[in-house]
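Trainee: Spelled out from the first residue to the last, the chains are:
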Amino acid sequence: MRHTYKMTPVQILLKLLSWLFLLFMAMLIVLPILWTCLSAFRPPKMIIQFPPTYFPRAWVMDNFIDVFKRIPILLYVKNTFLFAIVTTVVSLLFNAMAGYAFARVQFKGKNVIFTILMASMMIPFQVIMLPLFMELHFLGLVDTFAGLVVPRFAGVVGIFFMRSFYTTLPKQLEEAGRLDGLTEFGIFFRIMMPLCKSALVTQAVLSFTGAWNDLLWPLLMTNSPDKRMLSNGIVYFVGQSTTNYGPAFAAGLISIVPLLLIFIFGQKYFVNSIVSSGMKE
Amino acid sequence: MKKILQYWNKPNHAAYLMVAPAVIVVCLFSIFPMIAAFFLSLFDVSTNLATWNFVGLGNFQEAFADERFIHSWAVTGLFTVFDVPINIGFSLLVAALVSGVGIRDKILRSCYILPLICSSTVIGIMWKLFLNPNVGWGIYSLSKLGFPRIAIFSDIDLAVYGIIFISIWRGFGMSAMILVAAMQGISTSLYEAATLDGANKWQQFRHVTLPGISSTLWFLLITRIIGSFQVFDLIYTITNGGPAHSTETVVSYIYSRAFQEGSELGYSTAMSLVLFGAILLVSVFLYGRMILQERRDGGN
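Protein chains in written order, with our numbering: chain A, 1 to 281; chain B, 1001 to 1300.
Derived from the structure by calculation, the hints contain no laboratory data. Incorrect hints may have been included.
Subject to a maximum C-alpha distance of 16 Å in a straight line, what follows is the list of computed EDC-like cross-link-like pairs (lysine to aspartate or glutamate) [claimed, not checked]:
#1 A:Lys15 - B:Asp1105
#2 A:Lys171 - B:Asp1297
#3 A:Lys45 - A:Asp62
#4 A:Lys227 - A:Asp143
#5 B:Lys1010 - A:Glu174
#6 A:Lys45 - A:Asp66
#7 B:Lys1010 - A:Glu175
#8 B:Lys1128 - B:Asp1233
#9 A:Lys78 - A:Asp226
#10 B:Lys1128 - B:Asp1155
#11 A:Lys171 - B:Glu1294
Pulled out of the complex, with its shape left as it was, chain B reads as follows:
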């Protein structure tokens, strides 16, 4: 008995016990279904799952020739290009300004994370009515300030920017909260040392705060990009891909082919796998950069 305890108390053995529960859950409920998805993508599956026709890579060929699929990539790319940098930029700025422990910072922080308590359904109906050109208070007030009264979510050119705005509106507070938690983890002695060296606020931020939160920034960057590639729920509750597919992202299109316009489970799964491949490429690249930087910083 004592031997067993001793064996599992070695750091490199205890580590297995520590990762086991999480790894088992992820394997059973994410990785196993993922492997099953590969098989599903090779078939044309009927609605009731009764007939399975093997089509090999036919579903993938179909996807790359599917104009709606290509277009959904353009929409997703546009979304990512705006959402990720603005979200992280704003949250970094906000976090740097409200990372204190005073009452003002406390109140402001609570404000910024308020969207977190609203479900995407609530956010959807909220903004649809708030920006409704006839009865929405938001558009009404903007029109008083001289802005035109436009129906943002039914405008082919503007709808996608409306969604991007709401996504940033919802997300930047959460990113800021994560960054604040990281900033408060930085030892105060580092700031004291920097002040003694005569560093001003900006130099402190640049040489103490930024290195101190770099692993958290990487976390945000990677998860935000993955999240943007998978953006779905806001679009589902606000425009459902319209008008004229102008806000249809990759996952929206996959969802509609799987559940709304006939259930082409095989084809939808094949498209999801293309998305997965793209996300994998981007993340492996970013993850590699992160490891490189952690090694470099670990050296000094």
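So here's chain A without its partners, still in its complex pose:
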């Protein structure tokens, strides 16, 4: 791959354009997020002022103090973390297993089951929200941790996603595993799971952030104040007509930071896993 050759002017121009494009996109993403984070440290009165500045003229903690006074935010962080980690770990296992079977094993009724699953992916959550709530209420699971997490133990999008990764792997893998005397589950856990590390990490990130930021589901499934979650906490500062921007930004920042940390550590693993699993046949 590594040939040294002179670039033509067209290639130089293309390279420059791609750099500019990538940089522009990065600015577009980072500028509003950073501005919001900085705004959390502005004195409440200076958030709404003209002309606006990018960096705060004064740095204060008033907004954070306000948040801690008005809602038990640390408890919300703990609740949200538990919800996100449990649903992510279990759903990752269940989805990968099902995705693998659908992608690579022939079994009776496979297409029927898969089509039914696909159909359920098309159901907007709002359609089943009310009947699901009634069902869980009937099972006595509303306002319990089990009721919150068990319905999230598998997701059709996740199954579909894992399936699309497993279909791309070379066909000889299972046969090699069987020759080595591995059981079917052995093949899955020893060969297939490690090979799809990058897909698994991608899905873990999606699942965890999805659970972390879910608004409607925790709102529906929790009644007691001590079971509420972060996104509900932020909504507390957002009224229909007026928004308390200062504390809302501060609470928003508190909700972003743990994800950002996981993200920074995950990124290292994310890249490593991609390099080490660089599937050579």
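We have chain A already, so just place chain B on it with the hints.
Mentor: Same frame as chain A, now just chain B:
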């Protein structure tokens, strides 16, 4: 005991054990409530669930004569037509440019998926203030560059494009990350072979990368279209359907009829089922095309 183990170790038997947990969860908590929804749609249900009046298909008739419902479809269609192609186009372009393992690609990739860590509530308040015509830094900077200072989210014509922009802003990085993961799964020997054959960068992309990620592209296309048909949370946190219903999508309208303007659970469920039918049609069509293509590619 040994026999049982042997029985379940057959690939076509073990497969049932592998799909069982996921299938049971989906059946219990998605498909069963879905069937229950069919019954719910045939009734006029009062707020406290005390009275159930059987109206048959009356709710559906009402929906197709409901101008607000028809209009919400137009908004959803507009959203889908812009959001899906731009999202996938941008993410494909970005993924192709930053799929390497170097430090630059690593940093850029982290940037693009940053919106993922913000909840829709945070994104909502962020953009509402960032683009506020009086105190928002975003609009202020644009006005310095010569753009007019407009209140995007209170403009009947522009609000929906504002939402589309934010949706793409939030989503393209995630799509790009999925595509990058797929691109890095392609065996490097294929690229080496292509280089030996004298293929240039574009030909490599066209004949190695694209076929290698086609199942992932199908995944993105199908899930993005379904997601667009169901778009709700950004609208809920930014405009709540306004101004004058100009950003009211199908799910926004369903939600408001179910929870904000009197709880007409039966009618709302009936409208959700119409939405479900539409999504089903589109997905079955796309899914069929996907299977066709996978068969064709499997042949060579």
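Trainee: Hints numbered earlier in the text: which of these fail when held up against the supplied structure?
Mentor: none
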